[in-house]
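So the sequence lines, in the order shown, correspond to chains W and B.
So for the first sequence, the working numbering puts the first residue at 1; every next one is plus one.
So for the second sequence, the working numbering puts the first residue at 1; every next one is plus one.
Please note: incorrect hints may appear among the correct ones.
Which copy? The list can't say, so a pair holds if one copy fits it or any two copies do.
[What the hints assert, rightly or not] Cut-off 30 angstroms, straight-line C-alpha distance, at most; resulting in silico cross-link-like pairs (DSSO-like, lysine-lysine):
| no. | residue 1 | residue 2 |
| --- | --- | --- |
| 1 | Lys265 | Lys228 |
| 2 | Lys60 | Lys265 |
| 3 | Lys60 | Lys134 |
| 4 | Lys137 | Lys60 |
| 5 | Lys137 | Lys244 |
| 6 | Lys91 | Lys60 |
| 7 | Lys150 | Lys166 |
| 8 | Lys166 | Lys183 |
| 9 | Lys134 | Lys248 |
| 10 | Lys150 | Lys248 |
Since the hints were made in silico from the structure, they are not lab data.
Letter by letter, the chains look like this.
Protein chains: 2
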Amino acid sequence: MSESPFVLVQRPPTFDFMDELLSRNFPVLTTHHTSSAPLLVSLSGHASSISAVVNMGMLKIDADLLSHLPSLQLLVCTSVGTEHIDLSECKRRGITVANAGEAFSEDVADCAVGLLISVLRRIPAADRYVRSGKWVKFGEFQLGFKLSGKRVGILGLGSIGSFIAKRLEPFGCIISYNSTSQKQSITYRYYPDAVSLAANNDVIVLCCDLNDQTRHIVNREVMESLGKNGVIINVGRGGLIDEKEMVKCLVEGVIGGAGLDVFEKEPGVPEELFGLDNVVLSPHAAMATPGSLDNIAQLALANLKAFFSNQPLISPVRLD
Amino acid sequence: MSESPFVLVQRPPTFDFMDELLSRNFPVLTTHHTSSAPLLVSLSGHASSISAVVNMGMLKIDADLLSHLPSLQLLVCTSVGTEHIDLSECKRRGITVANAGEAFSEDVADCAVGLLISVLRRIPAADRYVRSGKWVKFGEFQLGFKLSGKRVGILGLGSIGSFIAKRLEPFGCIISYNSTSQKQSITYRYYPDAVSLAANNDVIVLCCDLNDQTRHIVNREVMESLGKNGVIINVGRGGLIDEKEMVKCLVEGVIGGAGLDVFEKEPGVPEELFGLDNVVLSPHAAMATPGSLDNIAQLALANLKAFFSNQPLISPVRLD
Numbered sequence: 001m002s003e004s005p006f007v008l009v010q011r012p013p014t015f016d017f018m019d020e021l022l023s024r025n026f027p028v029l030t031t032h033h034t035s036s037a038p039l040l041v042s043l044s045g046h047a048s049s050i051s052a053v054v055n056m057g058m059l060k061i062d063a064d065l066l067s068h069l070p071s072l073q074l075l076v077c078t079s080v081g082t083e084h085i086d087l088s089e090c091k092r093r094g095i096t097v098a099n100a101g102e103a104f105s106e107d108v109a110d111c112a113v114g115l116l117i118s119v120l121r122r123i124p125a126a127d128r129y130v131r132s133g134k135w136v137k138f139g140e141f142q143l144g145f146k147l148s149g150k151r152v153g154i155l156g157l158g159s160i161g162s163f164i165a166k167r168l169e170p171f172g173c174i175i176s177y178n179s180t181s182q183k184q185s186i187t188y189r190y191y192p193d194a195v196s197l198a199a200n201n202d203v204i205v206l207c208c209d210l211n212d213q214t215r216h217i218v219n220r221e222v223m224e225s226l227g228k229n230g231v232i233i234n235v236g237r238g239g240l241i242d243e244k245e246m247v248k249c250l251v252e253g254v255i256g257g258a259g260l261d262v263f264e265k266e267p268g269v270p271e272e273l274f275g276l277d278n279v280v281l282s283p284h285a286a287m288a289t290p291g292s293l294d295n296i297a298q299l300a301l302a303n304l305k306a307f308f309s310n311q312p313l314i315s316p317v318r319l320d
Numbered sequence: 001m002s003e004s005p006f007v008l009v010q011r012p013p014t015f016d017f018m019d020e021l022l023s024r025n026f027p028v029l030t031t032h033h034t035s036s037a038p039l040l041v042s043l044s045g046h047a048s049s050i051s052a053v054v055n056m057g058m059l060k061i062d063a064d065l066l067s068h069l070p071s072l073q074l075l076v077c078t079s080v081g082t083e084h085i086d087l088s089e090c091k092r093r094g095i096t097v098a099n100a101g102e103a104f105s106e107d108v109a110d111c112a113v114g115l116l117i118s119v120l121r122r123i124p125a126a127d128r129y130v131r132s133g134k135w136v137k138f139g140e141f142q143l144g145f146k147l148s149g150k151r152v153g154i155l156g157l158g159s160i161g162s163f164i165a166k167r168l169e170p171f172g173c174i175i176s177y178n179s180t181s182q183k184q185s186i187t188y189r190y191y192p193d194a195v196s197l198a199a200n201n202d203v204i205v206l207c208c209d210l211n212d213q214t215r216h217i218v219n220r221e222v223m224e225s226l227g228k229n230g231v232i233i234n235v236g237r238g239g240l241i242d243e244k245e246m247v248k249c250l251v252e253g254v255i256g257g258a259g260l261d262v263f264e265k266e267p268g269v270p271e272e273l274f275g276l277d278n279v280v281l282s283p284h285a286a287m288a289t290p291g292s293l294d295n296i297a298q299l300a301l302a303n304l305k306a307f308f309s310n311q312p313l314i315s316p317v318r319l320d
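Okay, chain W solo, but in the shape it has when bound:
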């Protein structure tokens, strides 16, 4: 390298945990904007010299923004999902893309299992019951439901889904999955679509990518197939579920409960859910522990270093 590449770190205001690490290795410019227009204003003269972007928020990176970054060679996303990135435009412009790889997988899997036990055993509802003094006043708390032995269908058996499956095995859960294609090396039973997965399980866990094929993959039909004791856990993306229908299904008792870390219009959450005891709500926090933030910082740096030394990326996103 004749000259150090100039790296833009686009991040939420308080997410400064990566700044020092990256700055020790590259000339870094940090900004925080929620739309591409103000970002471009604040970049002003720098835009043309940026050769890498680390996108830590979910800022949309579209053709227009890319057209203002003519030197951009590498885009590092700190999320696993890349639905906010125009990948075809990146491909057209020869921009390489990296994502979070497995940096968050353990934490998301831990949280998915935590949400599942929390819904079945009604842990947050129990906590409210005790704190509000109802235990003393009304006695016995309404029973929860058993996890051991439940049939759990995983929608998207990638790194996170596999970690969830592995964690649920010693609970005596029977695991099956749906994925873009059946995996030959996996012995869990495969269902070819979301409806059959739901119909044959007590719980479905959503941890697949959000794209045109998976948007609203959990619709009314899937929820009816899951049935009145069925539970949905979503640690993927809000858009995987038809949220409006899900609210109806929860209120009407078409399904039994839900543990939701993600929503269609975050941080907006349908208010009808706030009064329900069979629902556990989490503010898109499944991936976030100090441990995983350290992982992602190291991974972003490793991807930057690899790329600018002409080595293969650690966690590349396939552009096809």
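Since the structure of chain W is provided, determine the placement of chain B on it from the hints.
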């Protein structure tokens, strides 16, 4: 048997799930009283003909009560712990005692893991954050802590403790234990006392019996050894912890958090805990799902049948 044994079922008012099953097999009398005096009044003339008691609540069975039940041969407790039973007096009178054996073990273990993830990943606090509209108002939620890789010390490696250990293994947790004695068949590291267990772990899980040796086994010294990021999970009995000291330790930050299903003076819970976000409270519900209630009903019946056919009990309590 020349005559069917007369069985007294002592239970909380709403816990009628065993009545039908037992009545189909034995002449059954059901009562619900929280002290032995009113129980004896309501039994009146029947007391002398009772040959078995199924004790579903935590009614204290002491020498005085036993002296009014001269025909009693078998006492079936539906709890694992028998600290409410005068076992020496049972032994002296030749009364056989059974407990819940492993009927609740899976559910208690599931709940212990659920409480642990709930405390570390702050699931009930996150749920409150979303429901109160704070996500929209204040943005990002305070990060939780990683479970994967945590060192977990189990205090009491019986059936429940072993199930908890097995469940935590695929989370990458490093398991160790303290028990009345080291178990030769177990490869987990053994610590000879609660202080060294706490000093060498990030989490301690309490699931041992409550008796004179274990009362307040978790005292101030143990909590100081566990340290400011340490977490206590209690699914055993409230009396295992010096609750007054625990409240201080939580408020002062001597320990990091706690997930508590049991308390010293249930249903009383120290009100200082109600305002803490690093605590998850549960109303002694770890063992209770419809599945485990079915288990315990079947087990109580099996113990009664075995005893009155001169067969070995399924889940005997050793009287020594």
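Results of checking the hints against the structure:
1. Proximity of lysine 265 to lysine 228 under the C-alpha cut-off of 30 angstroms is restricted to the intra-copy arrangement: shortest distance 26 angstroms within a copy versus 37 angstroms between copies.
2. Within a single copy, lysine 60 and lysine 265 get their C-alpha atoms as close as 14 angstroms, which meets the 30 angstroms cut-off; across copies the closest is 55 angstroms, which misses it.
3. With identical chains, the CA atoms of lysine 60 and lysine 134 are at most 30 angstroms apart between copies only, with a shortest distance of 25 angstroms across copies and 46 angstroms within one.
4. Taking the shortest alpha-carbon separations for lysine 137 and lysine 60, only the inter-copy value of 22 angstroms comes in at or below 30 angstroms, while the best intra-copy value is 51 angstroms.
5. Taking the closest pair of Cα atoms, lysine 137 and lysine 244 come within 30 angstroms of each other only across two copies (22 angstroms); inside a single copy the shortest separation is 36 angstroms, beyond that limit.
6. Proximity of lysine 91 and lysine 60 under a CA criterion of 30 angstroms is satisfied intra-copy only: 16 angstroms inside one chain copy versus 74 angstroms between copies.
7. Proximity of lysine 150 to lysine 166 under the C-alpha cut-off of 30 angstroms is found in both arrangements, the shortest distances being 14 angstroms within a copy and 17 angstroms between copies.
8. Taking identical chains as interchangeable, the C-alpha atoms of lysine 166 and lysine 183 lie at most 30 angstroms apart whether they share a chain (16 angstroms) or sit on different chains (27 angstroms).
9. With identical chains, the CA atoms of lysine 134 and lysine 248 are at most 30 angstroms apart both within one copy (28 angstroms) and between copies (24 angstroms).
10. Taking the closest pair of Cα atoms, lysine 150 and lysine 248 come within 30 angstroms of each other only inside a single copy of the chain (24 angstroms); across copies the shortest separation is 39 angstroms, beyond that limit.
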